[in-house]
Every structure is written in C-alpha cells, then in structure tokens.
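A.B. asks: Each chain is listed here by its residues.
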Amino acid sequence: MTINATELGTQEKDNHSHIGHPARPQGAAAEPDEINEIGGPAILALEDGRIFRGYAFGAERPCEGEVVFNTSMTGYQEIATDPSYRGEIVCLTYPIIGNYGTTSLDDESREPWISGLIVREYAGHWSNWRGQESLHRYLQKHGIPGIYGLDTRALTRHLRNKGLMRGVVVRMAPGMTEDDLVNRARRSLMPAEKNVVSDVTAPEIYRYPARSLEGANLRLAVLDCGLKENILRSLARRGVDATVVPYDAKLSDIMALQPDAVFSSPGPGDPERNHQTIETLQGIIEQQVPFFGICLGHQLLGLAIGAETKRLKFGHRGGNHPVKDLLTGEVHVTSQNHGFQVMADSVPVDKGWVVSQVNLNDGSVEGLAHSSLPAFSVQYHPEGSPGPQDNQYLFDRFLTMVNSKKDQR
Amino acid sequence: MTEALNSAAPQAGQVRPIAKVLVLGSGPIVIGQAAEFDYAGTQACRALREEGVESVLVNSNPATIMTDEGIADRVYIEPLTVEAVTRVIEQERPDSLLATLGGQTGLNLAVALSDAGVLEKYNVRVLGTPLAGIKKAEDRELFKALLAEIGEPVIESDIANSIEEAQEIGKRIGLPLIIRPAYTLGGTGGGIATNWEEFDQFITSGLRASPINQILVEKYLGGWKEVEYEVMRDGADTCITICNMENLDPLGVHTGDSIVVAPSQTLSDKEYQMLRTASLKIIRALGIEGGCNVQYALDPFSFQYYVIEVNPRVSRSSALASKATGYPIARVAAKIAIGRRLDEIPNAVTRQTMAAFEPTLDYCVIKIPRWPFDKFPTGDRTIGTQMKATGEVMAIDRSFEGAFQKAVRSLELGGKSLMWEEGEWSVGTESQQIETIFKYIDKANDRRLWALFAALRRNVTAEEIYDRCKIDLWFLRKFQRLIAMERKLLGNTRMTVKLLLEAKLLGFSDDQIGGLTDELPERVRQMRLENGIRPVYKMVDTCAAEFEAVTPYFYSSYEQENEAPPLPFPKGVVIGSGPIRIGQGIEFDYSSVHAAWALQEAGVKSIMVNSNPETVSTDFDTSDRLYFEALDEESVNDILDNEAQPVLDANGVPLASGEMERPPVILQFGGQTAINLAEPLSLAGVPIIGSSAEAIDIAEDRKRFEDFVARLGISQPPGATVMHVPDAFKVAASVGYPVLVRPSYVLGGRAMEICHNEEDLQRYVLTVTRVSEKHPVLIDKYLEGKEVEVDAICDGESVLIPGVMEHIERAGVHSGDSFAVYPGVNLYSHEVDTIVDYTTRVGIGLKAKGLINIQFVIFEGRIYILEVNPRASRTVPFLSKVTGVPMVKLAVNIMLGQSLKDQGYEGGLWPKQPLVAVKAPVFSMAKLSGVDTYLGPEMKSTGEVMGIDKTYPAAMRKALIAANMSLPPKGTVLFSVADRDKTEALQLIRTLADLGYQIAATPGTANMVESAGIAVQVIAHKIGEGRPDTVDLIKQGKVVAVVNTVTGRRRPLLDGFEIRRAAVENGIPCYTSLDTARAAVTAQHDFSAGANTYNIQPLSWYRTK
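Chains A and B, in that order, are what the protein sequence lines are. Per the working numbering: the first sequence = residues 1 to 409. Per the working numbering: the second sequence = residues 1 to 1105.
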C-alpha cells in the first residue's frame, strides 16, 4: 500500500507543478506584538511541592490538570487536538516546539483539548509551507496557556520517578506564593476523576461518508469517546461509510443503524467511568457484531469482557513504542497515548480471549483478540497522527474481518 | 553477483551455523571514508565476540582500534585486494563474510570477491544484506527500477556510459543538471551544471572517476530540502528508524559536506512520517538486514519528494545518527547479520528495553564538517556534490543555538568563533561589503556559514539571504537571534547576571562574551561562577528520559538539573583529539581510546572528552564516562569543575576551607588539540599527569629547545629565529642555502617551506608569512639527509624505545607523508646506538612522563635532532602493533606513578622484531581540485596503510599495493624532473627501461635520457601550446605512472602542477620524490625477479620467528 500525503490525513492536493510557487515557503518571524505578549514569568507548580519557573505563552489564563509527558519529536498540534489529552497539561520532551507553526489542516478534532502546554523553548519564528499561524497565536485563540523556558527533562524525570501528578500553570502576579500554587495543584482534578469523555464526545449523531468508491462499502457505527479525524479518514479512504454516535449510545441505538461493524474510539480518562459504553460493548460482543477498538476502545472492550484496567505509573505517550504481535511474531513501532492499561492476568482466557499483542518495553497488554468472535482491539494508535503510520494495516485487517463475517451471513 | 550467492543465504532446514566470520575493514582514511568505519568495525567485532562467533578481520589501516589483536580473534593487516583476501579465506576458511561495516571499500571488495567466484568456491555466505540487495541500491538503473516498482518517486534522470549518451540525456532533461558517477567514494568527479560548458566538463570527469565508466545525469532540484533517515531492518522484517536528519544546506551539497541538524527542525509530523514510511518501504524492498541510509529531496512548497540515494550499509551518517541518538547502530547491525532479531537484542543503553524501538531525542544535534582548506587555502573551496571534508564535529545542546555555537567551537579553527570574518568582507562601503559577502553566500563554500552571519550583521534580511542560498528561514532566523545577542552584548555598558545567562543559553562562550563586552574571558568566567551560572550535564539516553538509562554519555547545557554527579575517585580525564583533519587523524583517537582502557585496567575511572562523532573514543562503552564537548579551555574547565569533589580530612569530613579536588587530566594522546590546553589548564591549577607543561614548553619554544639540546650535547641544524626581514637573509646566508623556513609554533608543518635561494626566501617572507615581532619566523639549515623517527616511553628515569623508523623520503617531506620502515633498513648500528642514546638523554632531560616522539636527520654521517614532541605521535599505533609493546598502556601507568620497571620493562631499545613493516601515506587529492599534490614540509596525506612481512621488499610491495601507489607491471612512465634531480633520476630510468617500461619525458629530462642512450618519447609541447601535451597523454591513458619533482620554488610551476593534477585525477601513481619512485621501482624490480612473493598472515605470525 502506498502511503502518501493523503494517507497522512492531509486534504490539500499535492502541488506537482512548480509554476505558481511562492518565492519562499510560509513562515514568519515572530511579530512584534507577539513578542510583547509572551515572556512574562510563569510557574508550574506540582502537587508534591516541586516548582518549575519559566515564561508564559499562549492564552493569558491559568490551567490545572494532570501533568503528563509525550516523547514525540513532531506533531504538537495533533497532540493538542487529540481528545485523549482532555484535562492534561502536556509536557513535550522535544525541547524546541513551534518550529513549523500551525495549520487548521492538522487539527485532529474540533478543538484542542489539552489544558496547558509545557515546552523547553517556544520557537517564535516558524517556517513551513503549510503554516497559517504561530503556535502561540493558535493556543491563544483556543484559550490554552503555555509555559516555556523550564527544564522539561528534569520535569520528565520527576514524573517518571514519582508518577504522574496534578499541577497548575500560572502567570506570575503580585501576592502569589508558591504554597498557594501547590495547594491549588493539590485541589485540582485529574481527568480520571471526572467524566471527561462526555466533554469530548460528539454532541449528536453524524455521518462521515466513504471517500472511496472502491473498497469495503461497509456501514460502520463509531462510538465517539474522543475521536481523531485520522481514524475517520483512514476508514473513509477504505470505502467505509461511518456513522458517529455519542459515547453513551445504547445498544439499541446502535443496532438501529444496522451496522456491519462497530468501532470504539480512543478517549481520555479512567475507562471504568464509562458504564454505558461498557454495557453497550457487552451487547455488541454478545450479538457477535464485528468490533474493533483503539486505546480507550480497547480498554472498554477489556472491561466489557470482564478484564480489569489499572493506571500506569506515568503512561505511554510518544511515537516510538515497540509492540510485538504474539500471533505473528511481528514487531511494529507504534504511536501511543494512554494512562491506563488492561491487566494481562485478568483477561478471561477461558472464554477464548487472548492477549494478542504486548509492549516490548514493559510487557503491558497492547492488544486483545478472541479465538472465534469477530472482535479485537489495540491499545496504541494505528492512525498515528502524530506518529508512525506503520499500523494502518489494522484498518485493513478489521475490514477483512467484517467482510468475511458479512459473507458468512 | 552469482546465483550461488543468493542460494547460499540461509534456508530453513539447512542452515549452517555461523561460527567464523570474515570482517572487511575500510582501509586507509580518505575523504569520504574516515574514522566512522573504525567505530563500526570495532563495534561489530565486539558484538560478534559477545555472540560467541569467531572473527577474522582484514584491514590495511594500522591506525585503527579494530586492528587491535584484542578486538577480533584473528587480525590481518593486509591489502584490501581480491588476491590478499582470497588468501585469507583460503587459510582461515570462514563460513561467512560481513562486508556492510567496511564502507564502500568493504562493499566493493565483497562484490569483487563474489564476481571472482571466490565466495562460491570456498562456500562463504554473505551475512546481512544479500549482495543482490546491495547491487539494487548501488546500481542506478536497478535502483530506479526498484523504486518505480514500489511507487517511490525518483528524480528524472538517466544513465550514460559515454559522453555522447550523456549529452543526449542532458538535452532531453534540460538544465540545470547534476552529474553523479557510479561506484565512487563521496561522489568524486561529479558536479552541478548550470550551463552546457560545465555540463561537458562534469560528464567527462564523472565518466572517468567511475570505475565502471558510468554516470547518472539528473534533473537538479536547487533549493529543495535534503533530509536523511537512518533505518534498520532484521531478518524477521522488523523495521525501525533510528534518526532523521535535516541538512541546513539545501540539495546540491554532499551530505558529508553539509551542516546537519538532528532531528529535522522544519518538518511537520505529516512530512516527517511521509518520509519515514517511505524509508521503511525502501529498506524492505531492498531486503536489507542491518542498517541503511535513505536520502530525500523534499520540496519546500509541497509534499512532493524524491528519493535521492540509498546506502545499503553502515555509513558516515549512521555513525552520526548513532552518536546523536545513543543507539549503537553498528553493534546492532552486526547482531542482525548473524541472525538475531531486533526484539531479542537488548538495548545496551537502557538495559531494560530491547533494540526494537525508535530513539527519541530531547536535545538538538548539530554536525559541521571540517574542511582541509586551512591547509590548502588556494584549493577550490566551493562545495557541492564532491565531498571535501576530512572530518566532522558534533555538538549537542537543548537549544539549536547552543548546539550550533558549540559545534563551531569544536571545529578548532584557531579560535574562529561565529564572529570571525574574512578580511575582504570589511573592505569598502557597507554595500560593497555586502556584495563581497554575497559571493560567499550564493555558492556553497567552506566559509559560507560565517558569511551568513556577516551579512546578518550588516542588516541584510533573512529573506534576502534565503533568496540567494535557500537555507530555510527557520535556521536564518535562529542565526538572527545570535546576531541580536551579539549586539546586545556589544552595546552593553554594564554586564548583568540576566544578560550573562541569556548569552550562555544562546551558546556564547566566555571568550566571545569577553570579546564583545571588552572583558577578559577569565573575568567573564569568574562572574559566571560567582553567580552560579554553570552548565549542567544531561544524559544521551535514547528515550528522552522515559526510562532510566545507564549510559554514561553526557552533554552540557545551561539548564537546571544536573544528571552527572562526580564519579568517585580515583579517576582521570582523557582529552581527545577532536575532528579528523590532515595532521591530526585517527591515530590520536587510537591512543585516546587506549588511554581510557589503560586507566580502567589500573582501576581508575576513565572520563573521555571529545567532539568527534566518527570515532571509537566517543562510543558509549569505551570509557566510564563520556562528555561530548568542544575541546577548549572553557568546556574542559567546566567538566573538571563538574567532576571536582571536596577534599576530605582524615575523618572523611570535607575541609573547612572548602577546597575541591579536581581529577587529573591526560593531554598526551589528543594530538596538538590536547597539548594546546597544557598551558591554560596548568595556569588554572588543574593537575596534569604526564609530561609537564614545562616539558611541553621546552619542546615547543625554539630558544629554550636550542639551549636544552645544546646542554645535552646534541646537534641541531644551525638556524635562528628572526623578527625582521633583513635578518632573515643574514641568517640564511650564514647557514647557507637551502634553508627550511616556518612560522614559530606551527602545527603539522603549516606554511613550512624549503627555500633554495634568496629569491625563494624573499617571496616567503614577503608573501607567505609576514615576519614581525609578533610573528617570528624560524630559519634553519635544510639538511637533505636520511630522516629517522623514534617513539619512546619515558618514566623520568629510563627510556624505552620500542623501535626506530627510517623514512624512505629524505628530510624535507613531512614525516606524516613519508614512507616509514621499521626497523631501519639502511641504518648503521652505531647510528641506531646514537639515536637510542640521544632519545634517552632527551627523555630524561625533559623529565618526560609518558610518550615522546623525536625526529632526527642523518646528514653526512652526523646525527642532528629536528624536533621533539612530548606526546603520543601519529606512529604510536603502527609501532605498538609492529613491536607488540603496549605503548599507551605503559605511558598511562607511568602517569599513574608506576615506573617502567614496575611494569616489567626496562630502558633502551626493544628487541628488534623478526619482521619489516612499512607505513605508507594515503592521499585524497583526487577530491580536492586545485590542490597541488607535490610533497613537501607541509603534510597532505589523510591516512595510512601498513605493509608487513618478513623482508623489506615484500613489506614495501604490500604497502604500495595497499596505498594504491604501486607501479603497474608495464607501460609508459612519464618523467619530468627538476635539474638538480636529473642525474639521480637517470639510474631509475635505466632500471625501468631494463624492466621493459617505455619512457616519456618533457624536453629537458628527455635530453638527458637520450644522451644516456635510452629510448625516450619526447613530449615537445608545453601545456596549452600544442597537442598532444603531457596532460593529454595522461588523460588518454597512455601513461601508467608519473615521476615529477619540483624545483625548490613554490610558485606553482604551472606545467608541473597540471601534470600532477592530471595524474591524480586519472588515478595513476604520481611520485613527487625520487625516493618514493625508487622504492616503487625497486619493489617492481624485485617482483619481476621473482624474489618478491609476499606472505598473507595474521599480525602475530610476523612477530614470531
């Protein structure tokens, strides 16, 4: 299969003709007023009392949430707009961020969901032909604060050793004390403590039509727990006609759509909070409707079949995690973003369920499959965006499964 | 490529176990193939050993760690030819061959062995990537077909095997065009043509440069980004990318000559993943098992891209990627080659994870090439598709600016910071200056980087610069930030802590800050330390801190958290030798690595400091701790401060005075780079172990040295230091011409010349170097005698001399460019005795601790001392291997307080070994257009090979073969020699004629030959005055070798220069010293006489009776 720009989710056409090219690629030196807006002192305070001082950029407001780190070197905009980051303050470990600006074409959902952004250096000067505005302007427009100029590696090591924790990012103001900020951090809510999926899910049902005449021509119900555009694009490109339903859709709502298969999306928070979705999935499995789940969708499948989920110490967030497929022996590099995992020893093997894939780094569960039922799931993100596209084949595998099930009927 | 080879690949059910592997090295260091293959081969051999596989190594380069007897199980220092390697195979019967770690040389040799049927005959299978895959990547036509098959875009191009074909293709595609010769190192002979005249020139040189007379004519994509990916694949089809890299210089500059940043900076995730996915597709299609490098051209205005090139092997880029990420590519590639899977190979860095993962960086890496134009200022300094750099530096920081400035500091260009400007850039009005500067920006050259800054400094906009050179605006705007800081510091009236910190964050050195604010650098440093502004050290851990790592690999940054607490004492710091350059090559890395190992063996923790990504010394497991840093006073002091620990009293409590103990520093092994630090570090109170700064000063200060040797009763060629022009002539007249002249304190013979008369001297003192009180010039009697070189180990009381080496070329040719023979074959025993005596006296007199190197000349039966270097020399690896004396280890133990006797050695000359070894220089002149190739006091070679055997003729013959300087068995030899050499040349000509060679000569030489009754073809025409001239003959391949000596005058005797260049560019040997020519002729004579069959044996065999 040819991976090209379309595969990556870009809508614009490749410009193969050089005629009409601008003399220079898009890009801007930071505008003078932008320079004035950024750079005031700001603080990141963690619940365990650790303080990091830096400078502010993005929106001029404080934020709170769980502080997590992501080790991807590119894709800051895709990360910001990934609904799975709802309620999280994201520290990017790559130290120079903002280099290629932002473009509406790279949004993975209707808006950015991160609470705040932590970077070593905000690159005010950006340069890329697709760029539309600076990362600062983009964050400002969406009301998201950022902090730069702190030792993000020290922060990452702290989180790695102590585990993820609550934090606040605040622009310094007179009378503010570090103690106040630490207390504020302690009082803030973790995404897992809230029903964050309800924030990010589609408010109502909508259709995402197939974008290819060839291909599967299948009808798919997509449970939106925090969908990324590139999942829908990846399906549509394969000829799938998707109907996106809110995460709390009941089994009857879904069956009314007469789908050939059901897909459950990634999403934020503690999987156990999504009681309705778990119940719906149980019905889907029982009725043997072909099913594919990604990330939160994978965890929900786990819960639906009676397995347990638990929090990881500091999560998996990045684009370099090796996963081994235990059925084929293949190893793939994956894009990951999750804080919970399905516990291997809780998977009901007696009912035909198996751990199909594992993370090579820590052995955690990366995939579930069944010996006979048409259902499987992966913990990582085959849609990438950001991250490797190596696992797009899973969408093909899914559709093959759906088709063979359809043929049986 | 034979079918049998493919079938020799392991097949299920009938797999022969891999028990014994033949590893091919890359031979001598040349431009395009440097120390990175020592790093790769060494890692590979160690990986094989770990896996319990026996290794047999062949390499002709003695100055490598891989040819150490402890690295491979069997070491052959033999020529990398089909004949020699076939004999190794016959003898060793390896079951497998590993060729993808020996650069292009190793790969080409493997193909040649396969084509010759050798691999099939001895049933040797090729490990890792099958040769078919290699051919698909290397042969342009096959490569294009493959890419078309998998739907990856290639640039419009076609292959030509003749000038006519090339012209037809060129017309079809249209200008601008780029010409790439097939199967060449570093793109030799190619170029970018913007008009048809250039096009004709490049297709001619390109066809000639290609060993298969094939070139690629291709659409030139000026201004496109160049991006590379390092990819790995195992036999189970798992593919990973190690690193991507973006070239600052847009397409058109060879990647080896580009400034490179890792990871890419201006690519969004979409672009990054698009090219990453393509890389995986390509490595799969080629069936590579191991490492591979894919280069792309990326349109800066769209998603369009083209695959430019694939290297189906470990390359210079993989060495860089390896050091940039911490991922040991060569080691893993070797394990994959013997069948291990990425998911079963442990990640040696984290020890928790597996090799199947992709490194992620939380820092920025900059590589800057090191060009040899400080040596060859008159050479063609433009850069393009022909690689010209001899080495490179790498720097790491958390910011682009910090890494960039550190990299510039690491280049060691005589203190040239980014603020350096060429003199002519400041001439005239500002707009005139800018016009001049633009000339350095429009076309890539070694000084473009500085020109960019000079332009920005003169308020040229980033956009205008972009329009001229297409360097991405992102980089130019980063440079603008540095200029802004420069201005801030310049306009600053009072230094504040805030400003100082800001400047340090942007990578400004104390020296630069001092220069801009009119403060002494020491004062800047003091202010910095008083305010707690000091760098911390961060770990290169492959995973951006996600996992705990154990690699002791660090870089400095002005950040908050330090990850490198001081190592416990006892510990020692080894200062490495920085980028590979002419005069300071891989030999010094060899010594540095051995120094680190010797410390470890002595129970002392070794700390390595170096800035060169190509080397073994910067491998994560060479020392106990590696600081990847510039080798200047500031970096080294900061590192020593970081390693300092409080001095404890008897109860283990820190002294009330707060006194800190810094680890001792070893400067002896890092060449002149390290030696230059002796004085400043010693002044800063740093404990230096080994010969003192005092000893170094005596050796380097002319006056002190004169007094010193006089006191020892050793003669020196008469001469003096002069500070005024008239004195120069007086001194020269009093000692008598010819004289050897050079500026005081020169490195590697730079600007050193032999003046044969007053006219020569006049030109020298007026044009080459301006004599003044600040710049004294040394004038010595030039004694055209036999040169002898000695390396010795001294413990202050006794001096062990492992061996005495005799140079083939008489004095006047730089020792690094001379053939050297161990043991001396034309030395009287009383001469050897005197040399041993003198060496002992000098060593003890200097109170040297460790290694010293001394050069002598024997003139009219008398022995004169030429120079003393109180440090490890270029010949340490050669002598260590030949004599078996662990020279560096002995020296390090002496520094740690042991005597020679404690180590079981004693003073005097080490017993002569039952062998003869010849060290031959290797040059990269074909790649440096416009550079004169004649040999003189200034060093020009980039590498060396060794020929070792039981007899001198056999050793010499092998050295000549390995250096590619042996005389072809028959044909015409062209002579054009200076008048004073004519009589001597006649003997040589007679021998050649007797051997059946034809002689051609320029008129003057021809007269002499004719009058001696030898048939000669006279080439009447001076170059350009009629055809055919000498150059025509050479180009037409009618001459198999050239003997050309120059008169003393350095003024380019244009004809001679053209002849020498023509010879080099046509790949035929050109001897510029009659001594070298005689050696080559004698070797051929002996061979014809049947007395010269050489041995092919492991190194240790020669040392045993």
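What the hints contain is simulated information worked out from the structure, not anything from laboratory work. Keep in mind that the hints are not guaranteed to be accurate.
Non-contacting residues of chain B with respect to chain A, defined by C-beta distances greater than 10 angstroms in every case (computed) [claimed, not checked]: (1) Asp-139; (2) Gln-295; (3) Gln-352; (4) Thr-382; (5) Glu-548; (6) Arg-662; (7) Ala-684; (8) Pro-687; (9) Glu-706; (10) Ala-720; (11) Ser-829; (12) Lys-901.
Computed Cβ-Cβ distance ranges for the label pairs, DEER-style [stated by the list, open to error]: (13) Glu-530/B / Ile-35/A: 30 to 36 angstroms; (14) Gly-428/B / Gly-39/A: 35 to 41 angstroms; (15) Gly-39/A / Gly-796/B: 43 to 49 angstroms; (16) His-142/A / Gly-603/B: 36 to 42 angstroms; (17) His-142/A / Glu-659/B: 31 to 37 angstroms; (18) Phe-569/B / Gly-39/A: 57 to 63 angstroms; (19) Pro-346/B / Asn-161/A: 18 to 24 angstroms; (20) Ile-35/A / Gly-70/B: 55 to 61 angstroms; (21) Lys-310/A / Gly-70/B: 47 to 53 angstroms; (22) Phe-569/B / Glu-272/A: 51 to 57 angstroms; (23) Gly-39/A / Gly-423/B: 38 to 44 angstroms.
Backbone N, C-alpha and C define an ideal beta-carbon position, used for all residues, glycine too.
A.B. asks: Hint by hint, say whether it matches the structure.
C.D. replies: Hints versus structure:
Once the 10 angstroms rule is applied to beta carbons, Asp-139/B is consistent with being away from chain A; the minimum gap is 24 angstroms. Non-interface status of Gln-295/B relative to chain A is upheld: no Cβ of that chain comes within 10 angstroms, the nearest being about 18 angstroms off. Non-interface status of Gln-352/B relative to chain A is broken: a Cβ of that chain comes within 10 angstroms, the nearest being about 7 angstroms off. Every CB of chain A lies more than 10 angstroms from the CB of Thr-382/B, the least distance being 24 angstroms, so the non-interface label holds.
Consistency note on Glu-548/B: stated as away from chain A, yet its beta-carbon is not over 10 angstroms from all of that chain's, at 7 angstroms minimum. Non-interface status of Arg-662/B relative to chain A is upheld: no Cβ of that chain comes within 10 angstroms, the nearest being about 26 angstroms off. Every beta carbon of chain A lies more than 10 angstroms from that of Ala-684/B, the smallest distance being close to 29 angstroms; the non-interface claim holds. Its beta-carbon lying about 32 angstroms from the closest one in chain A, Pro-687/B satisfies the requirement of being farther than 10 angstroms from that chain.
The Cβ of Glu-706/B lies farther than 10 angstroms from every Cβ of chain A, with a closest approach of about 54 angstroms, so its non-interface assignment holds. With a closest Cβ-Cβ approach of about 56 angstroms to chain A, Ala-720/B is found to remain outside the 10 angstroms limit, as its non-interface label requires. Non-interface call for Ser-829/B relative to chain A: holds, since the shortest CB-CB distance, roughly 64 angstroms, exceeds 10 angstroms. No beta-carbon of chain A comes within 10 angstroms of the beta-carbon of Lys-901/B; the shortest separation is about 50 angstroms.
Range check, Glu-530/B to Ile-35/A: Cβ separation about 31 angstroms, and the 30 to 36 angstroms hint holds. Here the CB-CB span from Gly-428/B to Gly-39/A is close to 39 angstroms, well matched to the stated 35 to 41 angstroms. The hinted range of 43 to 49 angstroms is not satisfied by Gly-39/A and Gly-796/B, whose Cβ atoms lie roughly 59 angstroms apart. Under the hint 36 to 42 angstroms, the C-beta atoms of His-142/A and Gly-603/B, about 59 angstroms apart, miss the expected range.
Our hint of 31 to 37 angstroms for His-142/A and Glu-659/B is violated, since their Cβ atoms are close to 56 angstroms apart. Checked against the hint of 57 to 63 angstroms, the C-beta distance between Phe-569/B and Gly-39/A comes to roughly 44 angstroms, which is inconsistent with it. Checking the proposed 18 to 24 angstroms range against Pro-346/B and Asn-161/A shows it holds: the Cβ atoms sit about 22 angstroms from each other. In this structure the supplied range 55 to 61 angstroms holds for Ile-35/A paired with Gly-70/B, their Cβ-Cβ distance being about 58 angstroms.
At roughly 49 angstroms, the beta-carbon separation of Lys-310/A and Gly-70/B lies within the given 47 to 53 angstroms, and the hint holds. Taking the beta carbon of each, Phe-569/B and Glu-272/A are about 54 angstroms apart, inside 51 to 57 angstroms as hinted. At roughly 39 angstroms, the beta-carbon separation of Gly-39/A and Gly-423/B lies within the given 38 to 44 angstroms, and the hint holds.
When each numbered hint is compared with the structure, violations occur for hints 3, 5, 15, 16, 17 and 18.
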